[in-house]
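**Q** This is what each chain is made of:
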Amino acid sequence: MRLAHFRDPLLAHQIIDEIHDVANRPLVLMEFCGGHTHAIMQHGIRQLMPKNVKLLSGPGCPVCVTSQRDIDHAIALSQLPDVTLATFGDMVRVPGTRFTLQEASAGGSQVLIVYSPLDAVRYAQEHPQKQVIFLGVGFETTAPGVAASVLQAQTLRLSNYTVFSMHKYTPPGMKAILDTAEICLDGVIGPGHVSTIIGLNGWRFLPADYNIPVVVTGFEPVDILLAIRELVKLATSDQAKAVNAYQRSVSPDGNPAALEIMNQIFEPVEADWRGFGLMPKSGMGIRSVLHDFDAAIRFHLADIPSREPPGCRCGDVLRGIIEPPKCPLFRQACTPEHPKGPCMVSDEGACSAYFLYQELE
Amino acid sequence: MCLAIPAQILSIDGFQAEVEFGGVHRVISLQLLPQAQIGDYVLVHTGFAISIINLEEARITLDILRQKGD
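Chains as they are written, first to last, in the numbering used here: chain E, 557 to 917; chain D, -2 to 67.
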């Protein structure tokens, strides 16, 4: 299939040479998406950049930006009687204040790992005596599917399916990085799959409001290098534009059917982001008309004294302030086998990417 | 969580589609991409097709990139 050509090493090296040719001043670029961080690390792209082009990892890892309190609430929900907590796999190993969901499951919680939220709906249908709570984690790529699961539960008249929504919108995360001005960015590599949903237009705020170019791209090495090349050219010529380098999958408006379903179920609410704190209109709350499917309303969420792991600098990594090796726990107390924070657990986390792919110095 | 995987649609029944990811077959939902047709390549994420992969656009991108190398 032709898509394999987006891994062509000759094409990749041609683009790398072009990047070296056009990078005539120091530039800082951020890849918003954790999936891009992993692809960049896996293919050694950082090492192939000219010395004056720095790539920073952004907060685009939905598991990583989930707050400690939300993790603790999810674990507490799993411990309620007759509850089966359905979740995507990577959430189960994230350490809560006391333990992980996986450990709670060893202690008696019913935890069901699913590939799709529709699997959780089917489980609820087949087990009417169980209260199935789906842990909704993810950005705009994932939320429409979870929204569709709520619609399906509604159609099936299920009274035992709810969603604990920790979903978040991506633009507020990006804006928070720029508004705090802790780091100065010359360009952004825009997330490819979020953009299949929100379209290139979802990122136009970057050139319009922040005067920063953004190039949305896919996850193959040629895709990423193309985006970096375009960003370097735009930044060095002081042009702030939104460019779609993922035309095979991303359109200007995104996916209208997915957006409609997502907006039917969810509305913007205040949300707590690890690393950023509370941000208005940044999370996806279930609309009140659908409160029957909202786990936060059906179940009492106890006030839990949540505490992030001592020494963990996941929040600083998410804001692009430090790279993972600068966290004192990195590779010492915190490894993929024994993670301290979500950035090491998630396969979109910067810490796990650096651990897996960075050569030991 | 954001990663989606390409697959080809083999058959459609209402909102369900059987797709193939390089040899592996799976049933997924087209609720988010009702316009998808048999034979289309799509990106699949958590059991939903979220975008059609436009191979013509892929070809155009690659052709432009290759020309620059000459």
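Hints listed in this document are in silico derivations from the structure and should not be mistaken for laboratory results.
Just so it is clear, CB atoms sit at the ideal spot from N, CA and C, and this is done for glycine as well.
Wrong hints could be hidden among the right ones.
Stated by the list, open to error - So the derived list for chain E, only partly shown, Cβ under 8 Å to chain D, looks like this: (1) H561; (2) Q635; (3) T698; (4) A704; (5) G755; (6) L912; (7) Q914.
Unchecked claim - Over 12 Å on every C-beta distance to chain D, these chain E residues come out as not near it, computed from the model: (8) P637; (9) T656; (10) G748; (11) R785; (12) R804; (13) E864; (14) D903.
Said to hold, decoys possible - Pair by pair, the computed Cβ-Cβ distance ranges are: (15) E15(D) x A560(E): 37 to 47 Å; (16) G20(D) x Q598(E): 40 to 50 Å; (17) L52(D) x H894(E): 37 to 47 Å.
**Q** Are the hints correct? Go through all of them and say.
**A** Evaluation of the provided hints:
1. H561: Hint on H561(E): holds, closest Cβ of chain D at ~5 Å, below 8 Å.
2. Q635: violated, 24 Å
3. T698: holds, 6 Å
4. A704: holds, 5 Å
5. G755: violated, 11 Å
6. L912: Cβ of L912(E) sits 15 Å from chain D, so the hint is violated.
7. Q914: violated, 20 Å
8. P637: Holds: least Cβ distance 28 Å, greater than 12 Å.
9. T656: Non-interface label stands for T656(E): nearest chain D Cβ at 17 Å, farther than 12 Å.
10. G748: Violated: least Cβ distance 8 Å, not greater than 12 Å.
11. R785: Non-interface label on R785(E) violated, nearest chain D Cβ at 10 Å vs cutoff 12 Å.
12. R804: violated, 4 Å
13. E864: It holds; E864(E) is separated from chain D by about 20 Å at its closest Cβ, greater than 12 Å.
14. D903: Contrary to the label, D903(E) does not stay out of reach of chain D, its closest Cβ about 8 Å off (not over 12 Å).
15. E15(D) x A560(E): 37 to 47 Å: violated, 23 Å
16. G20(D) x Q598(E): 40 to 50 Å: violated, 23 Å
17. L52(D) x H894(E): 37 to 47 Å: holds, 44 Å
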